[in-house]
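Protein chains: 2
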Amino acid sequence: MNKGAQTRQRIVAEAANLFNANGYEGISMSDVMEATGLEKGGLYRHFSSKEELAAEAFDYAWKLALETRIHDLVHFENAVDKLRQFLKNFVERRPKIHGGCPLLNTAVDADDGNQMLRDRARSALKAWQSTLISIVRKGKKAREIRQEVEPTQLANLIISCLEGALMISRLERSDEPLRNARAFLEAHLQTQVRT
Amino acid sequence: MNKGAQTRQRIVAEAANLFNANGYEGISMSDVMEATGLEKGGLYRHFSSKEELAAEAFDYAWKLALETRIHDLVHFENAVDKLRQFLKNFVERRPKIHGGCPLLNTAVDADDGNQMLRDRARSALKAWQSTLISIVRKGKKAREIRQEVEPTQLANLIISCLEGALMISRLERSDEPLRNARAFLEAHLQTQVRT
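Sequence lines, in order, name chains V and W. End of the first sequence = 197 in the numbering used here, gap-free, step of one. End of the second sequence = 197 in the numbering used here, gap-free, step of one.
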């Protein structure tokens, strides 16, 4: 990676932390200049607008979050084991990004406003749903999961429970709600297993 | 209500919509002036700072949301019927406030920043949890709900599922995820009933 690409990468990483913790409106290009130690010219050489930078910062943050959540999933053959590992990752591993889940933050931040960020959040959600839906479908095909399980509904249940519990956990500064959500979803998965 | 109190009330209602849809950082006192048609002096006569106004606006928005969610609950004797009505309200009734759930919005908005708003969101969550926990406790006492049900865990499960599904529903602009969350929680409640 040449020096220009390295600088660009550093800007995106810093901006991802700032936007994820403070929201789109809470961060200005001056804040990014301060955090990166770059002059105005140095920053605008790489990003012509705050919107362009925020878009790339969101994609970077979301990539980190999704990678953390699907960590080690390939090591499991069985679909239910994959989903269990996914729950474990969500509760026990934290992406290297400040401010909680980039999808929840950006969805809430942009659902009434910024169309560009709203579209990114919508795509991120779709990618997450697709990952889980694909696991459930394969599990049904391999007869590890009961045939009457509706993949989209199970994916949304998992996402809803975890994201809602994350909101409570962050507000209470306690992991207990997240751990309870995991235990609940594991028990629910057990009822979806083909016996 | 005298004219001063009426004006104050009108400011709070307008500000509640603005802050709930755009976040604390997304709204300035000038935006509130524009929305209310008040001059600077007229606005600052009632609220000395944006922080003071945002705090009152959050309480107003949350009161509307919680009232909408507990609508008609008193008409049910049985704890499980009360919880079912609560789920129905959450999915079918929308509080008269723009921008989605004030608690989810403010929790996400303030969890890394504004301490005053964070405290308000924390209290709002506590009030919501207490309402549900109290219903579950009474249901256990009346032997309508199984003794092994842990009230806080059931309350958090309901809150997590609904708030997470609301995030998905708002992003997808479809009520389906919310309706599925309700169906799922109703089925779960059915397993918690004392038989």
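No wet-lab data here; the hints were simulated from the structure. Beta carbons are placed, not taken as given, at the ideal position from N, Cα and C, and that holds for glycine. Incorrect hints may have been included.
Chain V stretches covered by chain W per the calculated footprint, using a threshold of three residues with CB under 8 Å from any CB of chain W [claimed, not checked]:
(1) 106-118
(2) 155-169
(3) 181-187
The calculated label-pair distances, taken between Cβ atoms and stated as ranges, are [to be verified]:
(4) W:Ser51 / V:His77: 50 to 56 Å
(5) W:Asp74 / V:Gly39: 32 to 38 Å
(6) W:Glu94 / V:Glu152: 19 to 25 Å
(7) V:His73 / W:Thr70: 48 to 54 Å
(8) V:Gly44 / W:Thr70: 48 to 54 Å
(9) W:Lys90 / V:Arg47: 54 to 60 Å
(10) W:Ala37 / V:Glu54: 49 to 55 Å
(11) V:Thr133 / W:Glu188: 23 to 29 Å
(12) W:Gly44 / V:Glu53: 32 to 38 Å
Right, here's what the structure says about each hint:
| no. | hint | verdict |
| --- | --- | --- |
| 1 | 106-118 | holds (count 8) |
| 2 | 155-169 | holds (count 11) |
| 3 | 181-187 | holds (count 3) |
| 4 | W:Ser51 / V:His77: 50 to 56 Å | holds, 54 Å |
| 5 | W:Asp74 / V:Gly39: 32 to 38 Å | violated, 58 Å |
| 6 | W:Glu94 / V:Glu152: 19 to 25 Å | holds, 22 Å |
| 7 | V:His73 / W:Thr70: 48 to 54 Å | violated, 40 Å |
| 8 | V:Gly44 / W:Thr70: 48 to 54 Å | holds, 50 Å |
| 9 | W:Lys90 / V:Arg47: 54 to 60 Å | holds, 55 Å |
| 10 | W:Ala37 / V:Glu54: 49 to 55 Å | violated, 30 Å |
| 11 | V:Thr133 / W:Glu188: 23 to 29 Å | holds, 28 Å |
| 12 | W:Gly44 / V:Glu53: 32 to 38 Å | holds, 34 Å |
In this structure, the hints that do not hold are numbers 5, 7 and 10, in rising order.
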